[in-house]
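Participant: In case you want the letters, here they are:
There are 2 protein chains.
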Amino acid sequence: FRSSAGRLDGKLREKTLTLDTLNPQVKAVEYAVRGPIVIKAGEIERYLEEGGTKPFSEVIKANIGDAHAMGQKPITFLRQVVALCTFPELMDSPSFPEDAKRRARRILQGCGGHSLGSYSASPGVECIRKDIAAYIEQRDEGVPSDWENIYLTTGASDGIMTILRLLVSGKDSSRTGVMIPIPQYPLYSAAISEMDAVQVNYYLDEDNCWALDINELHRSYQAAKQHCQPRVICIINPGNPTGQVQSKKCIEEVLHFAYEENLFVMSDEVYQDNVYAPDCQFHSFKKVLYEMGPEYFNSVELVSFHSTSKGYTGECGFRGGYMEVINMDPEVKAQLVKLLSVRLCPPLAGQAAMDVIVNPPQPEEHTFKQFHQEKSSVLGALAEKAKLTEKILNAVPGIKCNPVQGAMYAFPRIFIPPKAVEEAKALGMQPDMLYCLRLLEETGICVVPGSGFGQKDGTYHFRMTILPSIEKLKVLLGKVRDFHIGFLKEYSGLE
Amino acid sequence: FRSSAGRLDGKLREKTLTLDTLNPQVKAVEYAVRGPIVIKAGEIERYLEEGGTKPFSEVIKANIGDAHAMGQKPITFLRQVVALCTFPELMDSPSFPEDAKRRARRILQGCGGHSLGSYSASPGVECIRKDIAAYIEQRDEGVPSDWENIYLTTGASDGIMTILRLLVSGKDSSRTGVMIPIPQYPLYSAAISEMDAVQVNYYLDEDNCWALDINELHRSYQAAKQHCQPRVICIINPGNPTGQVQSKKCIEEVLHFAYEENLFVMSDEVYQDNVYAPDCQFHSFKKVLYEMGPEYFNSVELVSFHSTSKGYTGECGFRGGYMEVINMDPEVKAQLVKLLSVRLCPPLAGQAAMDVIVNPPQPEEHTFKQFHQEKSSVLGALAEKAKLTEKILNAVPGIKCNPVQGAMYAFPRIFIPPKAVEEAKALGMQPDMLYCLRLLEETGICVVPGSGFGQKDGTYHFRMTILPSIEKLKVLLGKVRDFHIGFLKEYSGLE
Chain A
1 FRSSAGRLDG KLREKTLTLD TLNPQVKAVE YAVRGPIVIK AGEIERYLEE GGTKPFSEVI
61 KANIGDAHAM GQKPITFLRQ VVALCTFPEL MDSPSFPEDA KRRARRILQG CGGHSLGSYS
121 ASPGVECIRK DIAAYIEQRD EGVPSDWENI YLTTGASDGI MTILRLLVSG KDSSRTGVMI
181 PIPQYPLYSA AISEMDAVQV NYYLDEDNCW ALDINELHRS YQAAKQHCQP RVICIINPGN
241 PTGQVQSKKC IEEVLHFAYE ENLFVMSDEV YQDNVYAPDC QFHSFKKVLY EMGPEYFNSV
301 ELVSFHSTSK GYTGECGFRG GYMEVINMDP EVKAQLVKLL SVRLCPPLAG QAAMDVIVNP
361 PQPEEHTFKQ FHQEKSSVLG ALAEKAKLTE KILNAVPGIK CNPVQGAMYA FPRIFIPPKA
421 VEEAKALGMQ PDMLYCLRLL EETGICVVPG SGFGQKDGTY HFRMTILPSI EKLKVLLGKV
481 RDFHIGFLKE YSGLE
Chain B
1 FRSSAGRLDG KLREKTLTLD TLNPQVKAVE YAVRGPIVIK AGEIERYLEE GGTKPFSEVI
61 KANIGDAHAM GQKPITFLRQ VVALCTFPEL MDSPSFPEDA KRRARRILQG CGGHSLGSYS
121 ASPGVECIRK DIAAYIEQRD EGVPSDWENI YLTTGASDGI MTILRLLVSG KDSSRTGVMI
181 PIPQYPLYSA AISEMDAVQV NYYLDEDNCW ALDINELHRS YQAAKQHCQP RVICIINPGN
241 PTGQVQSKKC IEEVLHFAYE ENLFVMSDEV YQDNVYAPDC QFHSFKKVLY EMGPEYFNSV
301 ELVSFHSTSK GYTGECGFRG GYMEVINMDP EVKAQLVKLL SVRLCPPLAG QAAMDVIVNP
361 PQPEEHTFKQ FHQEKSSVLG ALAEKAKLTE KILNAVPGIK CNPVQGAMYA FPRIFIPPKA
421 VEEAKALGMQ PDMLYCLRLL EETGICVVPG SGFGQKDGTY HFRMTILPSI EKLKVLLGKV
481 RDFHIGFLKE YSGLE
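Same order as they appear, the protein sequences are chains A and B. 120 is the number that the UniProt record's numbering gives to position 120 of the first sequence; each next residue is one higher, with no gaps. 350 is the number that the UniProt record's numbering gives to position 350 of the second sequence; each next residue is one higher, with no gaps.
What the hints contain is simulated information worked out from the structure, not anything from laboratory work. Possibly wrong hints are sitting among the right ones.
Each pair may be met inside one copy or between any two copies, as identical chains are not told apart.
Derived SDA-like pairs (lysine to any residue); straight-line CA-CA distance at most 20 Å [as the list claims (entries may be wrong)]: (1) 333 x 29; (2) 27 x 195; (3) 249 x 325; (4) 338 x 22; (5) 171 x 196; (6) 27 x 329.
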């Protein structure tokens, strides 16, 4: 109720926009990666900056997949190309390699007024879309890619939300069900909340390296059909937070399932360049679909996502990404382009960064040597840190960590004693949140509780990144170990 | 109805996502600025590129407020700062001024790992938020601005949609009504469609230079209350497409109205640096609110928007912008930050560009001279083109153009003979769409029909930008004149 009379009588005027009147879908949204524990970590950081004392001298932010923030260096060639695009006067500088200038010229020629400051067409700069298609064809060993199916996006998150927005409709029992892996990257649950869709969980198999089990997909789908209309399945491969790299067989099973049940497939492949385990390999959903034959390849509706934020470039701040759209109804595609046009276009610097990623220095180019060195160094370090993290965590009593086959995270299972579980419940919080808050307060290490990603009832986890420098990571893991042992002691009554 | 059986029997498999199953809110969205006529212009461009012949040699795209695409040059200093941020190795280059290096260093110090490739905090880099607050205080001659009320956005469009998303809720007669000016920039109608809110039109007064009439606001509000819950009023000042710059008195009346009716105010001020008429001045909604006294300044909920895309920098492709949030309920603010966090952060290059705009070279700095020259040149040219456009169009029989007081567009009223109106109706299109299509086909000039922005029934307009070079603009206006005269002849039966 709002009075329409003025309030110059001195009474307190009610605000129009309050928690009560706020869009309820917004209230429902949660995003743990930047949620309460990260806010707390920020408060502690400020406290330390202002001279406060804690049992530690710095907060280690291992909550977010931001490589540069943890000291990873940008790829020189990428920054040279983007700098040339930003300030073309640099084309006259002898300090910039010809390889970079050539690419920058190509990009700028595709821009209005040859400027990064022009809007591009809403799907992105045409020559960049073509470069991406060429990259996909080469990555997938010849599977054809049509540049008109490629859309540049403002990070992968933007593309994922746009596609979900097309798919989600209906009320009550006809509401769109969106199948997502548990554990998942909470962009998906946040989007589902905001769009008032139905979240349909399928549980990854922790005892089997977080593999996707087709029987679990069937179970989940059948159960969901009772109360909603499951229409889309989301897969993250390599996985976030789990780090598992799916086998080709598993991907085939998912695609076959999607074909049988007429599900729209969204494959989040932003970690495709982050595969560490020697016995694992990235298989694109598109390539596997192709190899299943034309009846599948010409019918399953699939959108695959990539980003500039991960891989070996770690360019999160550029907000670059693309999606490739397979077998989308042409009328729906026109609607997609219309929806994209309202936001005009993705940031041009991010589009340029994406172009360099799909069109990097080749062996015959002068810039290849340094590029290859930098790329190998980053990926080698990540692989080393993946292995180290798994090893150290598995040596801690009460922690079990599946192999970090890919991506940028470890998602170890932590044993939380019943006394701690009860204390958490009494405090109205999730047990792994209590754990992570205590870890933060005692060691300064910020990780995200597994409850923020989803997990089987009665199990607890946390997600940490493997991004800190090797030295810092060792320190971090040592502190986690000591904390966990202490935590177990404290709550098992063995004092 | 979807069969759950496989279709390996050779029958055509139905797609999951079709126009029928698509989110109906997406279907409802229209965005004329990149709509059907622009698509047609693109087709003609490709036809010309492939060697086809038309009565003209090039398409002139006067449909979108993209300055660089029409030949405007970037501000050198801005590009220097962003290039330095992108490739900090350039800090060692003597070709870059110290003023630019200082700003770049400041920005990078505010970035994770001192890299533009890190995510920033979701509201934006702290020092940039502070710089924006300082700019606002200086612009508004001392009215205090709190940096914690400033949020960087991915262009203004992103901020506008985010705020609307907070505000829009309810079903049936409790649906949120959003008051928007007619004519309007169709981001607003698109957002309202997509969010299933109710569009509440208030008509600007064409006979009075497109001024806002408070009586019309009252009329519109009272009529809307019958079928929805009007909760927010959007104002664009300087106006798009109208180019009117609102008087201080008018802004006061709007704010008083919002206070009385408990409306949330959204003021789109992206053209605040584009004021040409010597008798006009930009008054920020915030400053006017402040001058109305504490009972208003401490209670009216107001969000003001700015962008890097317009002004004198024209950096559309960077997708930079900010919003300042006044008197927002603190619990709602926390919800806003949560919503922003799902998209992580706005692009860092855009944030850096915004920083330069609010923290440009000062008179005592070496770089001031060239900066001031470039800025004056751009704004002087725009002012000249505004005047020229108004003058030439007003000299055409059957065209009446209000003064282009600000922004980047002319929105002339065009007389369309009844015969043409009938022909358009028979073809199932708006009369001004027919007009603009004919204009495009005969002259290659692409402008946007007034029906895409909204107009009083029975009136017709088109929106053109004043961005082409002065020479091209003269050619364009001459062709429009000749076309219009011919069009009048053709449809008035005087052959």
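Participant: Indicate, hint by hint, whether the structure satisfies it.
Facilitator: Against the structure, the hints:
no.	hint	verdict
1	333 x 29	between (28 Å within a copy, 14 Å between copies)
2	27 x 195	both (12 Å within a copy, 16 Å between copies)
3	249 x 325	neither (22 Å within a copy, 52 Å between copies)
4	338 x 22	between (28 Å within a copy, 13 Å between copies)
5	171 x 196	both (9 Å within a copy, 14 Å between copies)
6	27 x 329	between (34 Å within a copy, 14 Å between copies)
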